[in-house]
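Last residue of the sequence shown: 788 (my numbering), numbering continuous.
No wet-lab data here; the hints were simulated from the structure.
Computed from a predicted structure; not experimentally measured.
Cβ coordinates follow ideal geometry from the N, Cα and C atoms, glycine included.
Please note that a few of the clues may not be correct.
Quick list of in silico lysine-lysine cross-link-like pairs, DSSO-like style, CA-CA up to 30 Å [said to hold, decoys possible]:
id, residue 1, residue 2
1, K625, K477
2, K770, K783
3, K492, K586
Computed beta-carbon distance windows for the label pairs [unchecked claim]:
id, residue 1, residue 2, range
4, S758, E504, 31 to 37 Å
5, E744, K783, 56 to 62 Å
6, L662, K477, 20 to 26 Å
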Amino acid sequence: MKMNRLISIIMLLLERKTISAAELARTFEVSKRTIYRDIEIINEAGIPIITFPGMNGGIGIMEEFKVDKHLFSESDLTSLLIGLSGVHSALDSDETKQAMSKLKALIPREKQNKINELTSRIAIDLRPWQKDIMCEGYLQIINSAIVERKILSFDYFDMKGDISFREVEPYRLLHKSNSWYLQGFCLLRQEMRTFRFSRIRKLIISERAFMPRDVDFSTLSKEIDYDIPQIMVKIRVDDTFKGQILSYFSDVDMVYENGKNIATIPILEGDIGIRFLLSFGDSCECLEPQDIREKLIQKAEAVLGVYKLNLKS
């Protein structure tokens, strides 16, 4: 992983006065161009990198910076370890484990207890409460494809249930709102797309390699947010279901009026929103708007009709 390589480069530069880009490239089995990009990232992070000309020259860290010993503060190390532990909880890879070990080795003995205490205050665990074998498998396959720059192929179904075969150049794993996503260039659509794990089937990593494209992830992340407009509905909720509604909508206030729990919540327009409200069963009643109430009645009657038909048969 790139993070592991960056930390390893820093460790080597701290240990040695200079090292050539060619030697670093051989050590990490990447191109010299990649090493120079890594050096730029390290330099931009505030670690002063300098180059020494001549036969015995190379790349090094300013001696004044080495002597200062302030490469990482307590806060830096704590944040890095917490972040890496979250990544490790999902990928469970040797690379993240090694990166954490190397970071811990940078902690002075007199500060180990303090940093252990700080890191124990926040835990990031990206795994679901229930074991999800499919998701774990996807994470390993997709992460390998990203590292090896191999094209992925899979069947993908949309919200309507329509299935299409996709071939994708994978660029990033994304975890958002309790769901995992693959972000990559779709060869079918000829553009960057975001694919939800739960809609992927028959995932295969191919032997075909691809050349990386320039990707703007800041615009790509907006694609995940629904383009479907939202509407506000006023609902009545039973006491037994009050906590569940509040857990769904953390920013919604619930008031007690005339012996009833009342809240106004956002739902997606169309059939998606209607199905969402119906999923609460008789523990939730839509009070307004009236057209949503009527659509709920129509859908409930349709469901009842299905069961009545089954009883007759």
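Here is what the structure says about each hint:
1. K625 with K477: holds (17 Å)
2. K770 with K783: holds (20 Å)
3. K492 with K586: Between K492 and K586 the Cα gap is close to 26 Å, so the pair holds against 30 Å.
4. S758 with E504: 31 to 37 Å: violated (58 Å)
5. E744 with K783: 56 to 62 Å: violated (29 Å)
6. L662 with K477: 20 to 26 Å: The hinted range 20 to 26 Å holds for L662 and K477, with Cβ atoms some 24 Å apart.
Violated hints, in rising order: 4, 5; the structure is consistent with all others.
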